[in-house]
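Protein chains in written order, with my numbering: chain A, 1 to 98; chain B, 1001 to 1119; chain C, 2001 to 2136.
Careful, some of the hints might be misleading.
[Claimed, not checked] Derived SDA-like pairs: lysine to any residue, alpha-carbon spacing no greater than 20 Å straight-line:
{"no.": "1", "chain 1": "A", "residue 1": "K94", "chain 2": "B", "residue 2": "D1111"}
{"no.": "2", "chain 1": "C", "residue 1": "K2125", "chain 2": "A", "residue 2": "T21"}
{"no.": "3", "chain 1": "C", "residue 1": "K2090", "chain 2": "A", "residue 2": "K94"}
{"no.": "4", "chain 1": "A", "residue 1": "K2", "chain 2": "B", "residue 2": "T1003"}
{"no.": "5", "chain 1": "C", "residue 1": "K2059", "chain 2": "C", "residue 2": "A2094"}
{"no.": "6", "chain 1": "B", "residue 1": "K1052", "chain 2": "B", "residue 2": "T1089"}
[Unchecked claim] Some but not every residue of chain A turned toward chain C, in silico, with C-beta under 8 Å:
{"no.": "7", "residue": "M1"}
{"no.": "8", "residue": "T16"}
{"no.": "9", "residue": "T21"}
{"no.": "10", "residue": "K94"}
{"no.": "11", "residue": "I96"}
{"no.": "12", "residue": "W97"}
{"no.": "13", "residue": "V98"}
For the record, the hints were derived by calculation from the structure and aren't laboratory data. From a predicted model like this one, the values you see are computed outputs, not experimental measurements. No residue lacks a Cβ here, since even glycine has one placed at the ideal position from N, Cα and C.
Chain by chain, the residues run as shown.
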Amino acid sequence: MKLGVFVNDYKSTVETVDRLTAEKLGIIFIQNGVFHATIKDNGKASPILDKSANFYALSEDLATRGLTNTDVDSRVKVVTYSDVVDLIFNDYEKLIWV
Amino acid sequence: MGTLTMACFASLVGSKSLDFALKLAGAAADKGHKVNLWLSSNGTMIGKAHQKHLKDYSTAEKPVMELLKKGVEICTCEACALARGIQKTEAIEGIQWNAMHWYLAKIYNSDRVLHIGGE
Amino acid sequence: MSNVKLAFLIQRPPYKSETATLGITHAISYQVVEMLLEDGQNVIPTVCMVGEGVLNCLKDQKAMENYGVMSIESHIKNGLLVDLDILVCKEDLARFGISEDRIADAEDMGADKKLQIVPYAEIQKVMESSNHLLVF
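The task is simple: from the sequences and hints, build the whole structure.
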């Protein structure tokens, strides 16, 4: 399946996401999920980024938290709401919110 | 163009999930997609008219009115609303009131579903 | 397409929020969805309890006595009575040390169905075969 996962929180979501498998996996960081794309906990990037997936972070939620594109891990693409709509309709047939 | 059905169970105040749902609904409608939005649990707070915009609190009345004008169908869970003391007479005009099967029926005819659960 | 399959994945524990209850009640509402669909169209739900969601499945819940609300156990029983398939993740039950004899059933209400304790791999298959996924 082609699965798009909206990760909206930071600490509590790692375990759930770790369990997910899909032939095509997209992880869209929104709200506090954007910290996965930006924060290094004790120098280590979020383990979510080690998954085999395409990663996206919502620009508006980065900016809201005082984060900029330069804070974002190189594996993550910064996207707008309009981009998210295109991802939903063009790239991922099933969506979940965790 | 496709059909996106969303649900939001999170509250208007104290969570930004409802804000996200409204913005995504607007972005999808702007691109010509059909959008349905089901409000349940604390998400039903969005449907009450005469919300006052204080700067420490999210407000939804204006964006909801804009979404309705764009043709987004919004429906609130009647039982969830009544349990919170929200009466139909004080609801934003244009928001439908129904039960959970409305959501499942909309899903039936949708290309994509994004279910934003509670917190 | 006459049937649309939905996976209701319940991962929240009971009572701290409404979420788990609403997962079950939304799934049960498949019973009346035909009213809003054309002839021959239907929605087929499967409920999957995963992660902390398996904690909803303990029997002998006393929510009515303590909070005046219907217990999640009662909702689960109602779900079984209307022939919902409710799967419970075996690995998560084991992880929380919950034995099968502590799991709710609706035998006393005459339900034919029981909670189905399955490996996570079965739940993954349900996710793959469903048209849409709803996480509660």
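*Just pull the numbers of the violated hints for me, sorted ascending.*
The structure breaks only hint 3.
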